[in-house]
Amino acid sequence: MKNSRQRELILEYAGKSGLHPSAEEIHEEVKKYGIALGTVYRNLGKMVSEGLIKKLEGISSSALYDMNPLPHYHMVCRQCGFITDIPESAGEGIIEKAISHIGAEIDSCNIVFHGLCKKCSAHNKKGGKIL
Numbered sequence: 359m360k361n362s363r364q365r366e367l368i369l370e371y372a373g374k375s376g377l378h379p380s381a382e383e384i385h386e387e388v389k390k391y392g393i394a395l396g397t398v399y400r401n402l403g404k405m406v407s408e409g410l411i412k413k414l415e416g417i418s419s420s421a422l423y424d425m426n427p428l429p430h431y432h433m434v435c436r437q438c439g440f441i442t443d444i445p446e447s448a449g450e451g452i453i454e455k456a457i458s459h460i461g462a463e464i465d466s467c468n469i470v471f472h473g474l475c476k477k478c479s480a481h482n483k484k485g486g487k488i489l
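FYI, in our numbering the residues of the sequence shown are 359 to 489.
Quick caveat, the hints were computed from the structure, so don't treat them as lab data.
Nothing here was measured: the structure is a model prediction, and the numbers come from that model.
Backbone N, C-alpha and C fix where the C-beta goes; we use that ideal spot for every residue, glycine too.
Where hints are given, some of them may not hold.
[To be verified] Here are the simulated DSSO-like cross-link-like pairs (lysine-lysine), alpha carbons at most 27 Å apart as the crow flies: (1) K374 with K389; (2) K455 with K412; (3) K413 with K477; (4) K413 with K484; (5) K404 with K390; (6) K390 with K374.
[To be verified] Ranges of calculated distance between the beta carbons of each label pair, as one might list FRET restraints: (7) S420 with T442: 30 to 36 Å; (8) G396 with E370: 16 to 22 Å; (9) H459 with C438: 32 to 38 Å; (10) L410 with Q437: 44 to 50 Å; (11) G409 with N482: 35 to 41 Å; (12) L428 with I457: 30 to 36 Å; (13) G373 with I460: 32 to 38 Å; (14) N482 with V406: 21 to 27 Å.
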């Protein structure tokens, strides 16, 4: 199997999942095509360095991969662990405010909000629980 086909399969699964998968989760789906875990890591590394995807660290015990290369933030549900993208426009001006506050140069930021996703919030309200 050619490297380009392996890369296509990795991207196809990761993009189709709509989630922020780890390399191990991607491997679970693509190993049926004979793709080794090391190959998954190598291809993900190349795609990150090319700016096609983002590597998210510090959200989970494993690095996660985000198929949306555009600037945006994340919200992690403290109950189910689901990760939701938040458009950059929701935090419009945050980098400029940080720059003016500290007087330093900022190239990028990684903002992660923590709370309850819509599903868990609705479930907790139905059950009378508010965490």
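| query | Quick one: are G396 and E370 within 16 to 22 Å, going by C-beta? | reply | 19 Å, holds
| query | Is it true that the CA of K413 sits at most 27 Å from the CA of K484? | reply | 36 Å, violated
| request: Mind checking the alpha carbons of K390 and K374 for me, to see if they're no more than 27 Å apart? | output: OK: K390 and K374 at ~17 Å, within 27 Å.
| message | For the hint 21 to 27 Å, verify it against the beta carbon of N482 and that of V406. | response | 36 Å, violated
| query | Has the hinted range 32 to 38 Å been met by the Cβ atoms of H459 and C438? | reply | 34 Å, holds
| query | Between L428 and I457, does the C-beta distance stay in 30 to 36 Å? | reply | At 21 Å between Cβs, range violated.
| task | For S420 and T442, compare the CB-CB distance with the range 30 to 36 Å and indicate the outcome. | result | Since S420 and T442 have Cβ atoms about 18 Å apart, the given range 30 to 36 Å is violated.
| Between K413 and K477, does the CA-CA distance stay at or below 27 Å? | 26 Å, holds
| Pair hint K374 and K389, alpha-carbon separation not exceeding 27 Å | 16 Å, holds
| Measuring from beta carbon to beta carbon, are L410 and Q437 in 44 to 50 Å? | 31 Å, violated
| Is the hinted pair K404 and K390 satisfied, with a Cα-Cα distance of at most 27 Å? | 22 Å, holds
| request: Hint says 32 to 38 Å; check whether the CB-CB distance for G373 and I460 agrees. | output: 36 Å, holds
Checked against the numbered hints listed earlier, the structure breaks hints 4, 7, 10, 12, 14; every other hint is satisfied.
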